[in-house]
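Residue numbers (numbering that gives the first Met the number 0), protein chains in the order written: chain L, 0 to 129; chain U, 0 to 129; chain R, 0 to 129; chain H, 0 to 129.
These aren't lab readings, by the way, just hints derived from the structure by calculation.
Virtual Cβ for every residue (Gly too), placed ideally from N, Cα, C.
One or more hints might be untrue.
[Stated by the list, open to error] With a straight-line Cα cutoff of 30 Å, these simulated BS3-like cross-link-like pairs (lysine-lysine) come out:
id	chain 1	residue 1	chain 2	residue 2
1	H	K115	H	K64
2	H	K8	U	K68
3	R	K103	H	K95
4	L	K85	U	K115
5	R	K103	R	K81
6	R	K68	R	K99
7	U	K81	U	K68
8	R	K64	U	K68
9	R	K64	U	K8
10	U	K64	L	K99
11	L	K103	L	K8
12	L	K103	U	K95
13	R	K81	L	K68
14	H	K103	H	K68
15	L	K64	U	K95
16	H	K8	L	K85
17	R	K85	H	K115
18	H	K115	R	K115
19	L	K68	L	K115
20	R	K103	U	K76
21	H	K115	R	K103
22	R	K68	R	K115
23	H	K68	H	K115
24	U	K115	U	K64
25	H	K64	R	K64
26	R	K8	U	K95
27	L	K81	L	K64
28	L	K95	L	K115
29	H	K68	R	K105
[Said to hold, decoys possible] Calculated Cβ distances over 10 Å to all of chain R for the following chain L residues:
id	residue
30	F7
31	G114
32	A117
[As the list claims (entries may be wrong)] DEER-style ranges, computed between Cβ atoms:
id	chain 1	residue 1	chain 2	residue 2	range
33	L	T65	U	D45	21 to 27 Å
34	L	V87	H	K68	43 to 49 Å
35	L	T65	H	L46	50 to 56 Å
36	L	N80	U	V87	42 to 48 Å
37	U	H89	L	N80	39 to 45 Å
38	R	L38	L	N80	31 to 37 Å
This is what each chain is made of:
Protein chains: 4
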Amino acid sequence: MFTYELDFKVRDYECDLQGIVNNSVYQNYLEHTRHEYLLENNVSFDLLHQQGVDAVVARIEMAYKTPLKSGDEFVCKLYVNKEGIKYVFHQTIFRKSDNKICLKAKVDTVVLIDGKLAASHPQLEALMNV
Amino acid sequence: MFTYELDFKVRDYECDLQGIVNNSVYQNYLEHTRHEYLLENNVSFDLLHQQGVDAVVARIEMAYKTPLKSGDEFVCKLYVNKEGIKYVFHQTIFRKSDNKICLKAKVDTVVLIDGKLAASHPQLEALMNV
Amino acid sequence: MFTYELDFKVRDYECDLQGIVNNSVYQNYLEHTRHEYLLENNVSFDLLHQQGVDAVVARIEMAYKTPLKSGDEFVCKLYVNKEGIKYVFHQTIFRKSDNKICLKAKVDTVVLIDGKLAASHPQLEALMNV
Amino acid sequence: MFTYELDFKVRDYECDLQGIVNNSVYQNYLEHTRHEYLLENNVSFDLLHQQGVDAVVARIEMAYKTPLKSGDEFVCKLYVNKEGIKYVFHQTIFRKSDNKICLKAKVDTVVLIDGKLAASHPQLEALMNV
Chain L
0 MFTYELDFKV
10 RDYECDLQGI
20 VNNSVYQNYL
30 EHTRHEYLLE
40 NNVSFDLLHQ
50 QGVDAVVARI
60 EMAYKTPLKS
70 GDEFVCKLYV
80 NKEGIKYVFH
90 QTIFRKSDNK
100 ICLKAKVDTV
110 VLIDGKLAAS
120 HPQLEALMNV
Chain U
0 MFTYELDFKV
10 RDYECDLQGI
20 VNNSVYQNYL
30 EHTRHEYLLE
40 NNVSFDLLHQ
50 QGVDAVVARI
60 EMAYKTPLKS
70 GDEFVCKLYV
80 NKEGIKYVFH
90 QTIFRKSDNK
100 ICLKAKVDTV
110 VLIDGKLAAS
120 HPQLEALMNV
Chain R
0 MFTYELDFKV
10 RDYECDLQGI
20 VNNSVYQNYL
30 EHTRHEYLLE
40 NNVSFDLLHQ
50 QGVDAVVARI
60 EMAYKTPLKS
70 GDEFVCKLYV
80 NKEGIKYVFH
90 QTIFRKSDNK
100 ICLKAKVDTV
110 VLIDGKLAAS
120 HPQLEALMNV
Chain H
0 MFTYELDFKV
10 RDYECDLQGI
20 VNNSVYQNYL
30 EHTRHEYLLE
40 NNVSFDLLHQ
50 QGVDAVVARI
60 EMAYKTPLKS
70 GDEFVCKLYV
80 NKEGIKYVFH
90 QTIFRKSDNK
100 ICLKAKVDTV
110 VLIDGKLAAS
120 HPQLEALMNV
C-alpha cells in the first residue's frame with residue numbers, strides 16, 4: 000500500500016517538558032517525508048516555489064497513538080491519491096523497536112499557481128501513476 | 000461562543016522558504032493558547048506533569064484557510080467542551096487586519112494519570128462550567 | 000545604553016526535556032527582537048530580502064547565565080554599533096520577576112547585496128544615529 | 000583531530016524566508032551531534048537528567064561561513080577537551096558537495112548535579128581519554 004518510506008531518529012531538542020516529542024514536531028516529520036518523496040520523484044518543493052507553483056496543505060488530520068521518546072528510531076511511510084483537485088497524502092509513523100503505530104495522518108494538499116488554485120500540475124499528476 | 004482569546008504576532012523565524020508561516024507552527028500557536036487558557040484558570044500544564052498528570056492530544060484536525068505572513072498580527076480564540084472522556088478544544092485563528100479566518104482546529108485531548116487513561120480530572124472538569 | 004526592548008513570555012513548547020527553554024530558542028528570541036527593532040525604525044527584514052538585500056549573522060556569542068522556565072516573563076534589550084563593516088547587536092535577556100540576567104549576546108551582522116558583501120546600507124546606517 | 004562525526008540533510012522546514020537554514024537551527028544540529036556522540040560513548044543526556052545530572056551549555060560561539068540550503072547534505076564533526084571545569088566541544092559543519100566549512104562553533108558546557116555546579120562527572124571525564 001505505501002509507496003515511500005523514510006527513516007528518522009528522535010532528536011532531544013524535539014522533546015518537550017513532558018519528555019516526549021512535541022505534537023507539532025510530527026508535522027515536521029510528515030512534511031520532510033513528503034518533500035523527500037517528491038524529490039525522489041524529481042519534484043523539488045523549493046524549485047517549484049521559485050517558479051510560482053506552491054503545493055500547500057489545505058487540511059490535516061492526525062491521530063496520536065504512541066508517543067515517541069528521546070532516542071527512538073522510527074519510519075514514516077506514505078502513499079498518495081487524488082480526490083477532486085486535492086492530492087491526499089496518507090502517512091503513518093511506526094516505531095522501529097516494535098513496529099507500533101505512533102501516528103496516523105491524512106494530509107490534503109492543493110496546488111496554487113501564482114497564488115491561484117489549480118486543478119492539477121503535471122509534475123504532481125505524474126506521481127499518481129507511480 | 001469563544002471563552003478565551005490570545006494575541007500573537009508572527010515572528011520571522013516562523014516563516015519558511017515559501018515566505019509564509021510553516022504549517023507546523025500553527026500547532027505551536029494552538030498549544031500555547033491552550034496552556035495560557037489553562038493557566039488563566041489556575042491549571043498549570045507543567046505542574047500537572049510534575050504530579051504525574053498529563054493532558055495529551057489524541058487527535059487534531061486543522062483546516063488552513065489563509066496563510067499568515069511576516070509581521071501579521073492575529074488572535075487565537077477557543078472554547079472547550081466534553082465528548083465522552085475527551086476534552087475537546089475548538090480553536091480558530093483570525094488575522095487582525097481584516098478579521099479573516101486563517102485556521103480552524105479541533106483538538107481532542109485526554110487525561111493520563113501516571114500514564115493511564117483517566118475519565119476526567121477535577122481541575123479540567125472545573126473548566127466545563129466556565 | 001540599550002535603545003530598544005521587547006517583552007516576551009516563555010511558551011511551553013520552547014522548553015525541552017530538562018524542563019527549561021532549549022538553548023537554540025534564545026536565538027529565536029534574539030532574532031525576533033532585532034527584527035522588531037528594525038521594523039520600529041522602518042526597516043523590514045522581509046522587504047529588504049525581496050529587494051536582494053540580506054542582513055546576515057556572521058558571528059554570534061552567547062553566555063547563558065540563568066535558564067528560563069515554563070511561564071517566565073522576560074525582556075530582551077539591545078543596542079547597536081558599527082565595527083568596520085559589521086553592524087554589531089549587543090543583546091541581553093532579563094527575567095522580569097527579579098531582573099536577573101538570563102543571557103548576554105553579541106551578534107555580528109553584515110550586509111549582502113545580491114549575495115555580495117557590502118560595506119553598508121543606507122537604511123541600516125541610519126540606525127547608527129538613533 | 001575530530002573524534003566523532005554525524006551526517007545530516009537539510010529539511011525544508013528548517014529554512015526561513017531568506018531560503019536558507021535559519022541561524023538558530025545550526026544550534027539544533029550541534030546539540031544533536033553532541034548528544035549522539037555521548038550516546039555512542041554510553042552517556043544518555045536524558046537518563047543523566049533523570050538522575051539529577053545536567054550537562055548545560057554555559058557559553059557558545061558560532062561563526063557562520065556558508066549558508067546551508069534546501070536539500071544540502073552536510074556532516075557535523077567534533078572533538079572535546081577540558082578547560083578548568085568546562086567540557087569544551089569544538090564543532091565544525093562541512094557541506095558535503097564541496098567540503099566547504101559552513102559553521103565553526105565552540106561550545107562550553109558545565110555539569111550541574113542537583114542544580115549545583117560540579118567540577119566533573121565520571122561519565123563525562125571518561126570521554127577525555129577517548
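Ascending list of hint numbers which this structure does not respect: 1, 3, 4, 7, 8, 10, 12, 13, 15, 17, 18, 19, 20, 22, 23, 24, 28, 34, 35, 36, 37 and 38
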